[in-house]
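*Asks:* Use these hints to put chains B and C onto chain A, whose structure you have.
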Amino acid sequence: MLDRETAREAAGDTGGAAGRFDLHGFCRTLYPIARSITGPGVRETLGHVARHVPLEIHEVASGTPVLDWHVPEEWSIRAATIRSLSGEVLVDFAAHSLHVMGYSVPVSGVFSRAALAAHVHTLPERPGIIPYRTGYYARDWGFCMAHETWERMRDAEYRVEIDSTLAPGSLTWGEAFFPGEEAGEVLVSAHVCHPSLANDNLSGIAVATALGIAARAAQERGERRRLGLRLLFVPATIGTIAWLAQNEARLGAIRAGLVLTCLGDAGPFHYKRSRQGTALVDRAVAHVLGGGEAAHALLPFTPDGYDERQYCSPGFDLPVGCLMRGVHGRFPEYHTSEDNCDFITQGALEQSLATTQAVIDVIDGDVTFLRTDGRGEPQLGRRGLYRAISGQTTSAAASQMDLMWFLNLADGAHSLLEMAERAGVPFARLQAAARLAQAAGLVGRVAVSDAIIADTPLGAKDFPHA
Amino acid sequence: MLDRETAREAAGDTGGAAGRFDLHGFCRTLYPIARSITGPGVRETLGHVARHVPLEIHEVASGTPVLDWHVPEEWSIRAATIRSLSGEVLVDFAAHSLHVMGYSVPVSGVFSRAALAAHVHTLPERPGIIPYRTGYYARDWGFCMAHETWERMRDAEYRVEIDSTLAPGSLTWGEAFFPGEEAGEVLVSAHVCHPSLANDNLSGIAVATALGIAARAAQERGERRRLGLRLLFVPATIGTIAWLAQNEARLGAIRAGLVLTCLGDAGPFHYKRSRQGTALVDRAVAHVLGGGEAAHALLPFTPDGYDERQYCSPGFDLPVGCLMRGVHGRFPEYHTSEDNCDFITQGALEQSLATTQAVIDVIDGDVTFLRTDGRGEPQLGRRGLYRAISGQTTSAAASQMDLMWFLNLADGAHSLLEMAERAGVPFARLQAAARLAQAAGLVGRVAVSDAIIADTPLGAKDFPHA
Amino acid sequence: MLDRETAREAAGDTGGAAGRFDLHGFCRTLYPIARSITGPGVRETLGHVARHVPLEIHEVASGTPVLDWHVPEEWSIRAATIRSLSGEVLVDFAAHSLHVMGYSVPVSGVFSRAALAAHVHTLPERPGIIPYRTGYYARDWGFCMAHETWERMRDAEYRVEIDSTLAPGSLTWGEAFFPGEEAGEVLVSAHVCHPSLANDNLSGIAVATALGIAARAAQERGERRRLGLRLLFVPATIGTIAWLAQNEARLGAIRAGLVLTCLGDAGPFHYKRSRQGTALVDRAVAHVLGGGEAAHALLPFTPDGYDERQYCSPGFDLPVGCLMRGVHGRFPEYHTSEDNCDFITQGALEQSLATTQAVIDVIDGDVTFLRTDGRGEPQLGRRGLYRAISGQTTSAAASQMDLMWFLNLADGAHSLLEMAERAGVPFARLQAAARLAQAAGLVGRVAVSDAIIADTPLGAKDFPHA
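Residue numbers (the working numbering), protein chains in the order written: chain A, 1 to 466; chain B, 1 to 466; chain C, 1 to 466.
Bound-form chain A, shown alone (with noise of 0.2 angstroms):
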């Protein structure tokens, strides 16, 4: 269904401000910025998006309970470096945000070659780049390089030096509602914390932030989807545990999810289904994949990746998959100085943009219809919708077999993606019978009962700006 002038289309479709936005860019912007899962890099990265998209703020203060979990300390980062005893720089945090293990405590002094190795972290198999690696709850400190710079490093001794600090602060996420008609909502989320890494971070936050401006435009224009759009910005792990915590009672509204990651290099997509399965967010990304041109593999449901594990663990199970092109731990740059601004490209970006906000616009338009008589096929040709098909060709426009699907489907207990998987064709063209058979008072929309949403439901009032 997604064929590459759609996806343009689409990348291009997502209102003025997203017309200009320009993906890669956002990314190369984001790239030096030192995130980690707390402190002055997430705030940094959310301050660039807040420009873009409005965006609500939170912070956590360290030590508050959080489901199993207590929200650690918050680690700030200024400057690391080895250097020789002559003065020499070797590795410095100022060249490089991987340089220094994540979470690192503060240290300074002289060190011998064999006491500093046992906080040196290397691929020796791949000596040329640096690794990213991290000890949130270690209390330790790490430098990590390429595997040459520390073969070449033979003094004795090093003087090192890490300016960080470990201490009560808090953790931060950022939050954008757009509301819709109904109280239920999908839910966007992407990671924040991972220094400089761009397809595994970046592209996921780019393409968010690309739906947001969309939807901010839409908002704008005075448009009102069915559903509601909530976007996540937000440290993985612990910051979707934090969010989880204090939004448990408001979980009833999503209706489905995704988490947006690894969307910037050149491989095939692949979305790695939610626990339940066969929820709606994952018959959607499968009939869009399904109908387009992009190469495409659907995974299972496996309690390791990204933040859908959380969405998706016990007690909470929500409709919640992962789209990603790259999977995570699987391409030689995952994790590495190599998933870099070069790894990612802007068609890429722009196509998993278009792939994204097609899934959402199919889970926002499925909706289920009734026929107004309530049984048999309806005389079409005394209301002109022979004619008024036959007259269009595009190939969105509904065919007359399309019409045929949807008013013999249309009973109330079929969706319009229902139909659509029944059919074989694309959503669209069932969306446009529908508008015909709409238009024709031939059916009408069976209201959905809010009563199956949460107690709570998500609204404007609790996001003043959206």
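By construction, these hints were calculated from the structure, which means they are not laboratory data.
Glycine is no exception: its CB is placed at the ideal position from the N, C-alpha and C atoms.
Do not rely on the hints blindly, as some may be mistaken.
As the list claims (entries may be wrong) - Per label pair, the in silico range of CB-to-CB distance:
no., chain 1, residue 1, chain 2, residue 2, range
1, C, A447, A, G222, 34 to 42 angstroms
2, B, T372, C, A156, 51 to 59 angstroms
3, C, H48, B, A413, 40 to 48 angstroms
4, B, G374, C, R139, 37 to 45 angstroms
5, C, A447, A, P106, 49 to 57 angstroms
To be verified - In silico contact screen, one side only, chain C against chain B (beta carbon under 10 angstroms); selected entries:
no., residue
6, L67
7, H70
8, V160
9, I238
10, E248
11, R250
12, T302
13, C312
14, G315
*Replies:* For chains B and C alone, kept in the frame of chain A given last:
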């Protein structure tokens, strides 16, 4: 299950009268009649059927509202010609009923070739063949002819005459009902509205008539089936819609149904499933075709085709499939003068009849049994059931293993068809096992509650001649 | 999951006594005994089993009604010969228990060769082999012999003697029960009614005896399984029917069952599913065989074969399958003198025992857990579960991913086997993960309500020796 010999036997075993019924000859008799959705052609056709089957004729006045539709005006066609101005007859309805577009309004006058061209239908790529066209609701007129005929017509003007009437009258259908022991019934439906088209029309009418002959013969022998059999000879679409509208309260009695069409060509069987997809009729046809020698394919439901689309429209959603050989619109003779009596064969019609009868036999025989003492494997030896079985070697007889399957599944929860499906043996063998077990007092039939049937079940009182 | 090493360990891990139990030697001991569905051969066989396993012997008097059947008269066979009139012994029951048809009535006299021929069973196409024949309800007599023996017997007359008794007595079975913590139980059933047939009879008896030895040893060590284990050594068909009749009120306690037979040959495993098809036992066997190295096939239920057909008869429909290597009736040695102790091997018997034990372990261990705080992914780091896991490298240990799977599915709705099926890892690894999580207080076991068990659950009081 249905090898050639059985097929021949089944075809011959349709009762005394049916044994002599010439399926192909009947088609030849009906072929020249100019049928349409209303008018004398339908009535004449039903008159031929009524010579073999007790038929109640129903007339519904033009303008009567039926569901979303209204019964149209009645169309009569007496003559139609295109002549040269010198008087030579170039196209004559008397030569072929396809020459006039169905529901052509009367016309009389001289037309330029260009003006006439707007009313001429040909198949330029198949120049020797007349197409079939209708314009039921178009209030237009038209001629269908071989393209080579049209190519030869090079005069500047022609004299055109269509002697037709389009005026208030009625829509006609014929219906026969053979009551069964229970209130449930099997519906067999054939359309009677196509003019000189043999496979797409007459083959279904002929097979349905043969079923009626067999049912009448059985009735005369004092035999009663479990389920009633309803034969419907009805104009497609509007006729079926009218029938549904006038029988809405009784539809609950329909346990299974088959639309019969295109059953005379030499191709493999095609069965289009009901909208429900796995209804009893769908499973019965799959079982009969799957056990036979004839090539066949099972097709999913689609909301086009024949009257199954009316029976399966929303709100009704009856368990009605469509049994065909050639599939509508997919064989080159479809809706042309090549769909004539040379296109259909006696052998194909007989095999179609035998297959249809076998399907009805499975549906009618699909009852549920319960072990008399409710549990355990009974002792067959002391009842002589080892010997009784060992002595029987004909293919229809229950083998020892058939009896074991039957007794193992005679738990009140598996019908005979479910047993046959699970055991992977023909239905008739499970039936034979059931007879042995019933005769030995090992099982009893589970009664079907008529409470699940519609409030006003169809019965003999409604059809005094049945 | 069950590689050769594990299989050997499992075979050796059947307790102190079982560690020394010689499966093949036990079969050799039992081989010469002339078993039938009643009589001293069954009792002698049960006596051998009782030397290893605490066995309660049940006797049911001839004529006792059991479901649809009656217990037959008891048959004793002491001697049987065919001699030449000159006194030469040509066929002698003392040489092979298969020589006499089961349930032969006594006979003594001189018969013409032709008259004798009506009572002689051979396999003409396999002239060196003695077939196995019975006539439990035939009140006839017969000799089974190698066809070449019969071919050599060319005298006009022979002296025939069968010294047997067919008279009121009783039917015998043996039963051992090892109570578990819960009222539910696992049933293991082996038939004990075939005379000198090794695979089809003795292999199942030997494996069941070894299971009993292991269970007794565990009991003596003070260990208790979750579920009780019931071992049944029972004459096929009538014995099982008698057992079902006398235990009808208790059958609700049976959580899973296995009929054991033909477990000594060198062929691949065959598991015949229960009538239910996807019962716990069916899934447990599929999991164990699917994870092992041994070739195997899963077969659908059919109402023939061994006593699974009684356990799975209508009204009972117990979750009982049949574990075999060679399939009844399908291997050439079946029911002939070639099914002897050379046909079965110690290695095959041990692998069969290990597989059976592994299946019982899965069934016994298939419990359900719930996250202590009901929701979310717990923090493993602060509980040392990262370290605890990293240090473990043996194949049985839970990997980090196993623990993630376990915790993700510990929602009270997924049993351990369901987790193993979904994660695609061996059951034992999920069990190891469960132990780690339970020790860390992260999960609690979901209690099984005994209310779902039959009113009169089986317990130690019914089997004082157990």
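*Asks:* Taking the hints in turn, state whether each one holds.
*Replies:* Structure-based check of each hint:
1. Checked against the hint of 34 to 42 angstroms, the pair C:A447 and A:G222 fails, with Cβ atoms roughly 57 angstroms apart.
2. The hinted window of 51 to 59 angstroms between B:T372 and C:A156 holds, with their beta carbons roughly 52 angstroms apart.
3. Against the hinted window of 40 to 48 angstroms, the Cβ-Cβ separation of C:H48 and B:A413 comes to about 42 angstroms, which satisfies the hint.
4. Distance hint check: the CB atoms of B:G374 and C:R139 are about 30 angstroms apart, inconsistent with the given range 37 to 45 angstroms.
5. Between C:A447 and A:P106 the CB atoms are about 51 angstroms apart, so this pair conforms to the stated range of 49 to 57 angstroms.
6. Interface restraint check: C:L67 against chain B, minimum CB-CB distance 4 angstroms, threshold 10 angstroms, status holds.
7. Taken as an interface hint, C:H70 checks out: its beta carbon lies about 8 angstroms from the nearest beta carbon of chain B, inside 10 angstroms.
8. Interface hint at C:V160: violated, since its Cβ lies 26 angstroms from the closest Cβ of chain B, which is beyond the 10 angstroms cut-off.
9. Against a cut-off of 10 angstroms between C-beta atoms, the interface hint on C:I238 holds, since the closest Cβ of chain B lies about 9 angstroms away.
10. A least Cβ separation of about 8 angstroms between C:E248 and chain B falls short of the 10 angstroms threshold, and the interface hint therefore holds.
11. Given the 10 angstroms rule on beta carbons, the hint for C:R250 is violated: about 14 angstroms separates it from the nearest Cβ of chain B.
12. Given hint, C:T302 at the interface with chain B, holds; its Cβ is 8 angstroms from that chain's nearest Cβ, closer than 10 angstroms.
13. Interface hint status for C:C312: upheld, as the beta-carbon distance to the closest one in chain B is roughly 7 angstroms, under 10 angstroms.
14. The criterion of a C-beta within 10 angstroms of any C-beta in chain B is met by C:G315, whose closest approach is roughly 2 angstroms, and the hint holds.
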